[in-house]
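**Student:** Okay, here's what each chain looks like letter by letter:
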Amino acid sequence: AQKVTQAQTEISVVEKEDVTLDCVYETRDTTYYLFWYKQPPSGELVFLIRRNSFDEQNEISGRYSWNFQKSTSSFNFTITASQVVDSAVYFCALSGMGAQKLVFGQGTRLTINP
Amino acid sequence: DSGVTQTPKHLITATGQRVTLRCSPRSGDLSVYWYQQSLDQGLQFLIQYYNGEERAKGNILERFSAQQFPDLHSELNLSSLELGDSALYFCASSGPNPGFVAEAFFGQGTRLTVV
Numbered sequence: 615a616q617k618v619t620q621a622q623t624e625i626s627v628v629e630k631e632d633v634t635l636d637c638v639y640e641t642r643d644t645t646y647y648l649f650w651y652k653q654p655p656s657g658e659l660v661f662l663i664r665r666n667s668f669d670e671q672n673e674i675s676g677r678y679s680w681n682f683q684k685s686t687s688s689f690n691f692t693i694t695a696s697q698v699v700d701s702a703v704y705f706c707a708l709s710g711m712g713a714q715k716l717v718f719g720q721g722t723r724l725t726i727n728p
Numbered sequence: 831d832s833g834v835t836q837t838p839k840h841l842i843t844a845t846g847q848r849v850t851l852r853c854s855p856r857s858g859d860l861s862v863y864w865y866q867q868s869l870d871q872g873l874q875f876l877i878q879y880y881n882g883e884e885r886a887k888g889n890i891l892e893r894f895s896a897q898q899f900p901d902l903h904s905e906l907n908l909s910s911l912e913l914g915d916s917a918l919y920f921c922a923s924s925g926p927n928p929g930f931v932a933e934a935f936f937g938q939g940t941r942l943t944v945v
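Protein sequences, first through last, are from chains A and B. If you count by the numbering used here, then the first sequence holds residues 615 to 728, one letter each, in order. If you count by the numbering used here, then the second sequence holds residues 831 to 945, one letter each, in order.
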């Protein structure tokens with residue numbers, strides 16, 4: 615069975631601090647995909663990144679970066695110089711090859727205080 | 831804007847009633863997925879359709895059903911509604927390959943409140 619664990623239920627930091635959201639996954643598939651989504655207060659789910667299991671290169675997009683470590687089954691997300699607009703619930707998700715559904719973690723509520 | 835359109839945005843109905851949620855996928859996407867987000871269960875996969883046919887099923891109750899039409903829009907039907915069915919229902923689309931999950935883009939969701 616596939617499982618995603620986001621151990622941090624809530625994180626609160628002051629603006630401009632760096633913050634890392636943890637994601638640990640379990641799967642028996644050798645090929646799989648990992649995702650991060652953002653859910654702002656307005657409620658929609660915004661796609662941030664997809665990473666396949668064969669690509670362990672870290673990725674950086676502006677203030678966002680992702681660290682994928684297969685050895686520890688982790689796919690962590692770091693926001694550098696956080697801003698109030700980053701306040702949202704962030705979900706990590708997993709999908710196996712041929713299994714179309716996304717398995718989501720419970721989400722981490724991130725609050726950036728001015 | 832993800833390109834996935836869900837209607838209505840909000841729905842309030844009474845227990846025992848039946849409602850239909852509608853989803854139009856992004857242009858070119860053949861797969862449509864339905865998810866339920868509730869406080870106690872989190873985000874749960876319900877069902878997937880690919881090009882009109884059911885492709886995968888998750889934790890979908892027997893009181894719920896879905897279909898995908900020839901124009902690729904999808905409807906999720908919820909019947910004999912209970913208070914516990916109150917949730918945010920998301921539709922997502924991806925494609926055109928059904929064999930793996932590309933970037934799944936989500937609609938804005940339909941917030942269902944059963945009173």
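Do not rely on the hints blindly, as some may be mistaken.
Listed next, the in silico DSS-like pairs over lysine-lysine satisfying Cα-Cα at most 27 Å (straight line) [what the hints assert, rightly or not]:
(1) B/K839 x A/K652
(2) A/K652 x B/K887
(3) A/K617 x B/K887
It should be emphasised that the hints constitute simulated quantities derived from the structure, not laboratory data.
**Student:** If a hint holds in the structure, say so; if it does not, say that too.
**Tutor:** Consistency of the hints with the structure:
1. B/K839 x A/K652: This hinted pair holds, its Cα atoms lying about 19 Å apart.
2. A/K652 x B/K887: 25 Å, holds
3. A/K617 x B/K887: 17 Å, holds
Consistency note: the structure conflicts with none of the earlier hints.
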